[in-house]
Amino acid sequence: MARIELDGLTKKYGQVLAVQSIDLAIGDGEFVVFVGPSGCGKSTTLRMIAGLEDISGGVLKIAGETVNQREPKQRNVAMVFQNYAIYPHMTVGQNIGFGLYTSKLSKAEKQERILETARILGLEELLDRRPAALSGGQRQRVAIGRAMVRDPVAFLFDEPLSNLDAQLRSAMRIEIKRLHQRLGTTVVYVTHDQVEAMTMADRIVVMRDGRILQVGTPVELYENPVDVFTARFIGSPAMNLVPGRIDEGVLALPGATLSGVDASEVSGGDVLVGVRPHDLVIGEADGGGLTVSGLVTAAEPLGSETLVHLDIAGTEAIATAPGRVIPAVDSTVTAAAAPGSLYLFDAKTERALGRL
Amino acid sequence: MTTMAAPTTELAANGRDIRPGRIVTWTLLLIGGLVMITPLAFMFSTSLKSAGQVYDLRLIPAQPTLDNYIKVLSDGRFLRWFVNSTLVATAVTLSNVFFDSLVGYTLAKFQFRGRYFIFLAILSTLMIPTEMLVIPWYLMSSQLGWLDTYWGIMFPGMMTAFGTFLMKQFFETVPDDFLEAARVDGLNEFTIWWKIAMPMVTPAISALAIFTFLGNWTAFFWPLIVTTSRELYTLPVGLSSFAVEQSIQWEMIMTGAALATVPTLIVFLVLQRFIVRGVMLAGLKG
Chain A
1 MARIELDGLT KKYGQVLAVQ SIDLAIGDGE FVVFVGPSGC GKSTTLRMIA
51 GLEDISGGVL KIAGETVNQR EPKQRNVAMV FQNYAIYPHM TVGQNIGFGL
101 YTSKLSKAEK QERILETARI LGLEELLDRR PAALSGGQRQ RVAIGRAMVR
151 DPVAFLFDEP LSNLDAQLRS AMRIEIKRLH QRLGTTVVYV THDQVEAMTM
201 ADRIVVMRDG RILQVGTPVE LYENPVDVFT ARFIGSPAMN LVPGRIDEGV
251 LALPGATLSG VDASEVSGGD VLVGVRPHDL VIGEADGGGL TVSGLVTAAE
301 PLGSETLVHL DIAGTEAIAT APGRVIPAVD STVTAAAAPG SLYLFDAKTE
351 RALGRL
Chain B
1 MTTMAAPTTE LAANGRDIRP GRIVTWTLLL IGGLVMITPL AFMFSTSLKS
51 AGQVYDLRLI PAQPTLDNYI KVLSDGRFLR WFVNSTLVAT AVTLSNVFFD
101 SLVGYTLAKF QFRGRYFIFL AILSTLMIPT EMLVIPWYLM SSQLGWLDTY
151 WGIMFPGMMT AFGTFLMKQF FETVPDDFLE AARVDGLNEF TIWWKIAMPM
201 VTPAISALAI FTFLGNWTAF FWPLIVTTSR ELYTLPVGLS SFAVEQSIQW
251 EMIMTGAALA TVPTLIVFLV LQRFIVRGVM LAGLKG
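Protein chains in written order, with the numbering used here: chain A, 1 to 356; chain B, 1 to 286.
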């Protein structure tokens with residue numbers, strides 16, 4: 001276990017800044033998830049921590065020691081790749097044992113470690129099989145086993161579940177989380193899937209264009225996004241955004257009636273008003289908040305709830321309805337958001353202004 | 001409908017599809033096959049004939065005999081040439097597999113200044129015909145005292161541009177994740193190449209080994225030039241001496257040639273399964 005500190009970490013490819021001076025301290029035993037769209041620099045950051053990319057600027061410390069110039073093997077971190085990268089010419093046992101290739105343990109001790117790792121991951125029966133004879137989930141477990149067997153100070157995961165189907169991904173998510181709870185090793189995990197980030201992380205790091213936009217617990221990010229990007233990125237379905245304008249403390253929205261809202265604390269001007277689909281519920285409001293009327297363009301019944309796509313005065317939005325309520329397409333419905341569930345953003349800077 | 005369906009069913013039942021295109025294909029393949037196999041058939045046929053029957057062009061000898069085989073195999077010279085050829089072809093093959101792969105891997109997987117230029121320089125040597133190289137090779141061998149030595153026979157082929165090119169192309173298909181995983185696991189670069197990358201390109205290694213072995217097993221021109229002692233002759237050079245010294249002993253040449261096909265067949269049979277078995281993607285996403 002180890003603390004990982006990134007101090008002004010920078011990566012340049014020629015003139016292109018892939019990672020722009022990021023600062024972050026990852027606590028001992030913490031599970032930190034880097035999330036962001038493709039090309040945001042999250043994988044590059046992870047690879048710099050692993051030692052697979054040279055660091056162009058800044059300082060990287062693992063367990064209190066600066067490791068900028070150290071080879072990957074000297075950092076004692078283990079990495080799990082998106083494509084598993086388990087060696088096809090070796091059996092499961094040999095693959096797991098390969099993590100101990102440079103270890104000075106005796107053969108018997110190595111074998112014991114391999115068996116223990118295989119037992120934890122439920123791979124004991126598969127030790128003599130080749131990767132070709134394994135399912136996707138089993139292959140990923142072997143890759144995790146190869147990382148685990150070394151007892152590293154930190155695990156680095158680079159989109160490890162992206163190639164699995166939805167059901168398996170969900171099962172592996174829980175498995176990795178349990179493993180972390182059991183081992184207590186620091187984990188740095190990269191994904192573009194916000195659901196993975198929300199469900200697994202102690203803290204989430206949202207990245208965009210090589211910069212960190214926000215760091216916080218999943219609930220903090222969900223409740224208090226610092227800007228439009230984070231607000232839209234975290235939460236599924238994504239937050240609805242409607243352009244509006246504040247004049248003399250009154251918020252005007254297209255096709256919406258706003259009742260009992262005090263917008264005086266927000267300075268005037270163009271704003272974006274955000275409301276999460278789960279906060280915009282089909283039906284009349286009771287006790288203030290935002291009420292809108294819209295034309296139903298599509299309905300997606302999910303069993304427990306129904307996602308209702310609305311056209312509100314030319315603006316697309318998604319609302320939710322209880323599972324058994326499926327509004328007819330082309331019908332007009334009313335949806336309401338309770339007070340405190342609206343997010344205000346500056347239309348120009350896209351920075352958060354507060355909640356209404 | 002019934003009348004239309006009947007012939008189709010019949011064809012399907014026979015398992016034969018007699019489309020004109022297929023007839024042309026079969027005919028061409030048959031001709032190609034005959035062209036390939038006729039000289040081989042005559043070689044084996046002649047090896048079973050006595051000296052007097054050699055010009056009797058019947059494919060199946062009137063009085064087949066194994067005397068030629070006994071004569072050739074009991075002739076110490078033949079065995080010596082056979083061993084020489086085996087030694088030379090094996091050493092050159094191993095050298096090619098090692099060095100071509102090493103250079104190919106370096107060119108495929110490492111970013112360094114001049115990489116492209118080096119690759120082009122290696123590739124450009126493919127455009128120089130062997131005949132042009134023989135004189136410099138000979139002068140070099142002469143100056144370095146390599147004439148009439150095993151090393152003299154082997155050195156020009158110890159590493160080839162073709163092999164380097166072939167291996168580079170194959171190593172480029174090995175996903176970097178494998179190599180990076182090994183790097184994080186603590187392996188040094190040479191071990192990564194040897195333990196991880198090499199096993200993933202076994203089809204290419206097998207193909208390179210087969211080509212190199214066959215090329216060197218049948219090599220005639222350079223071994224003829226560089227060797228003068230009969231003890232250092234390779235098999236093709238030795239067999240050709242049957243034609244020069246004691247008139248042309250076709251039956252002996254053909255018997256030697258028939259025996260010479262055995263190692264090449266063994267090499268091919270042993271290595272071909274590696275070519276067919278592509279293992280590389282098995283460790284990646286399914």
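None of these hints come from the bench; they were simulated from the model.
Any given hint could be a false lead.
Just so you have them, the derived chain B footprint on chain A, three or more residues with Cβ under 8 angstroms [unchecked claim]: (1) 39–52; (2) 96–104; (3) 305–313.
None of these values were measured; they are calculated from a predicted model.
Note that the Cβ used here is the ideal one computed from N, Cα and C, for glycine as well.
Hints versus structure:
1. Proximity of the stretch 39–52 of chain A to chain B, defined as three or more residues with a beta carbon under 8 angstroms from a beta carbon of that chain, is established by the 3 residues found.
2. Chain B is given as covering the stretch 96–104 of chain A, and this holds because 4 residues of the stretch bring a CB closer than 8 angstroms to a CB of that chain, at least three being needed.
3. Given a C-beta distance limit of less than 8 angstroms, the hint that chain B covers the stretch 305–313 of chain A is violated, as 0 residues qualify and 3 are needed.
Hint check: a violation occurs at hint 3 only; the rest are consistent with the structure.
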